[in-house]
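A.B. asks: Residues per chain are reported as follows:
Number of protein chains: 2
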Amino acid sequence: MYGLIGKITAKTDQRDDLIKILLEGTADMPDCLSYIISKDPENEDTIWVTEVWDSKESHKASLSLPSVQEAINKGRPLIAEFGEQTETEPIGGHGLISEEI
Amino acid sequence: MYGLIGKITAKTDQRDDLIKILLEGTADMPDCLSYIISKDPENEDTIWVTEVWDSKESHKASLSLPSVQEAINKGRPLIAEFGEQTETEPIGGHGLISEEI
Numbered sequence: 001m002y003g004l005i006g007k008i009t010a011k012t013d014q015r016d017d018l019i020k021i022l023l024e025g026t027a028d029m030p031d032c033l034s035y036i037i038s039k040d041p042e043n044e045d046t047i048w049v050t051e052v053w054d055s056k057e058s059h060k061a062s063l064s065l066p067s068v069q070e071a072i073n074k075g076r077p078l079i080a081e082f083g084e085q086t087e088t089e090p091i092g093g094h095g096l097i098s099e100e101i
Numbered sequence: 001m002y003g004l005i006g007k008i009t010a011k012t013d014q015r016d017d018l019i020k021i022l023l024e025g026t027a028d029m030p031d032c033l034s035y036i037i038s039k040d041p042e043n044e045d046t047i048w049v050t051e052v053w054d055s056k057e058s059h060k061a062s063l064s065l066p067s068v069q070e071a072i073n074k075g076r077p078l079i080a081e082f083g084e085q086t087e088t089e090p091i092g093g094h095g096l097i098s099e100e101i
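Chains as they are written, first to last, in the UniProt record's numbering: chain A, 1 to 101; chain B, 1 to 101.
Just chain A, same shape as in the assembly (with noise of 0.2 Å):
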């Protein structure tokens, strides 16, 4: 599996748009297992997005997708910065799904 830990600071006042506009533009995205938005209590810019992959060729494929093409252009104007961004390679836990339920 491939992951990803990022954090995204939206500009002021941005970012309960910013967070409608990803969650809208990732809802649907075939191969992820894992796709979590939120907020930082500490930081009122700050989102973080956790995310899991079968693999990086899925994540890699996805950034092609009409929804997530939309969501790209949509949010680009209210991103302030892209911060720090680990890669992961997730080995198990509660929550990977294939499919909505």
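Calculated from the structure, these hints are not laboratory results. Be careful, since some hints might not be right.
Because identical chains share one entry, a pair is satisfied inside a single copy or across any pair of copies.
[Claimed, not checked] For lysine-lysine, the following DSS-like pairs were computed, each having C-alpha atoms within a straight-line distance of at most 30 Å:
(1) Lys-74 <-> Lys-7
(2) Lys-7 <-> Lys-56
(3) Lys-74 <-> Lys-60
(4) Lys-60 <-> Lys-11
(5) Lys-7 <-> Lys-60
(6) Lys-56 <-> Lys-74
(7) Lys-20 <-> Lys-56
(8) Lys-7 <-> Lys-20
(9) Lys-20 <-> Lys-74
Go by the hints and put chain B onto chain A.
C.D. replies: Frame of chain A; chain B shown alone:
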């Protein structure tokens, strides 16, 4: 919801055993919506754990579960260091399930 993104450094050559202990000890935790254990491909002793709970209280309660206590006791000797830990407020996404399927 309440989330955590945490980094653990295992003692040399102990990462696989530690991951095994963590996987066993965290397999069945009430109100845990996501708990994913990953290797860091760049650092051979590093583990990332991303968690989502329905509340902070549920996370706190999990620490006294027998299975979690056992994992802590078994795992602690294999841990060199607890690294950065970020608290998050998960908003939504894919792979947030209250019952294992």
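A.B. asks: Quick one: Lys-7 to Lys-60, C-alpha cut-off 30 Å, is that within a copy, between copies, both, or neither?
C.D. replies: Answer is both; intra-copy 18 Å and inter-copy 25 Å each pass.
A.B. asks: First find the shortest C-alpha distance between Lys-20 and Lys-56 inside one copy, then the shortest across copies, and answer within, between, both or neither for a cut-off of 30 Å.
C.D. replies: Cα proximity of Lys-20 and Lys-56: in one copy and across copies (25 Å, 23 Å).
A.B. asks: For Lys-20 and Lys-74, with the copy left unspecified, which applies at a CA distance of at most 30 Å: within, between, both, or neither?
C.D. replies: within (11 Å within a copy, 41 Å between copies)
A.B. asks: Which holds for Lys-7 with Lys-56 at a C-alpha limit of 30 Å: within a copy, between copies, both or neither?
C.D. replies: Intra 19 Å, inter 21 Å, cutoff 30 Å: intra and inter.
A.B. asks: Within a copy, between copies, both or neither: where do Lys-60 and Lys-11 come within 30 Å Cα-Cα?
C.D. replies: Cα proximity of Lys-60 and Lys-11: one copy only (26 Å, versus 33 Å across).
A.B. asks: At most 30 Å between CA atoms: does that hold for Lys-74 and Lys-7 within a copy, between copies, both, or neither?
C.D. replies: within (18 Å within a copy, 32 Å between copies)
A.B. asks: Between copies, within a copy, both or neither: which fits Lys-7 and Lys-20 at Cα up to 30 Å?
C.D. replies: both (16 Å within a copy, 28 Å between copies)
A.B. asks: Is it within a copy, between copies, both, or neither that the alpha carbon of Lys-74 lies no farther than 30 Å from that of Lys-60?
C.D. replies: The answer is within: 19 Å in one copy meets 30 Å, while 38 Å across copies does not.
A.B. asks: Have a look at Lys-56 and Lys-74 and pick one of within, between, both or neither, based on CA distance no larger than 30 Å.
C.D. replies: within (24 Å within a copy, 33 Å between copies)
Of the numbered hints given earlier, the model fails none.
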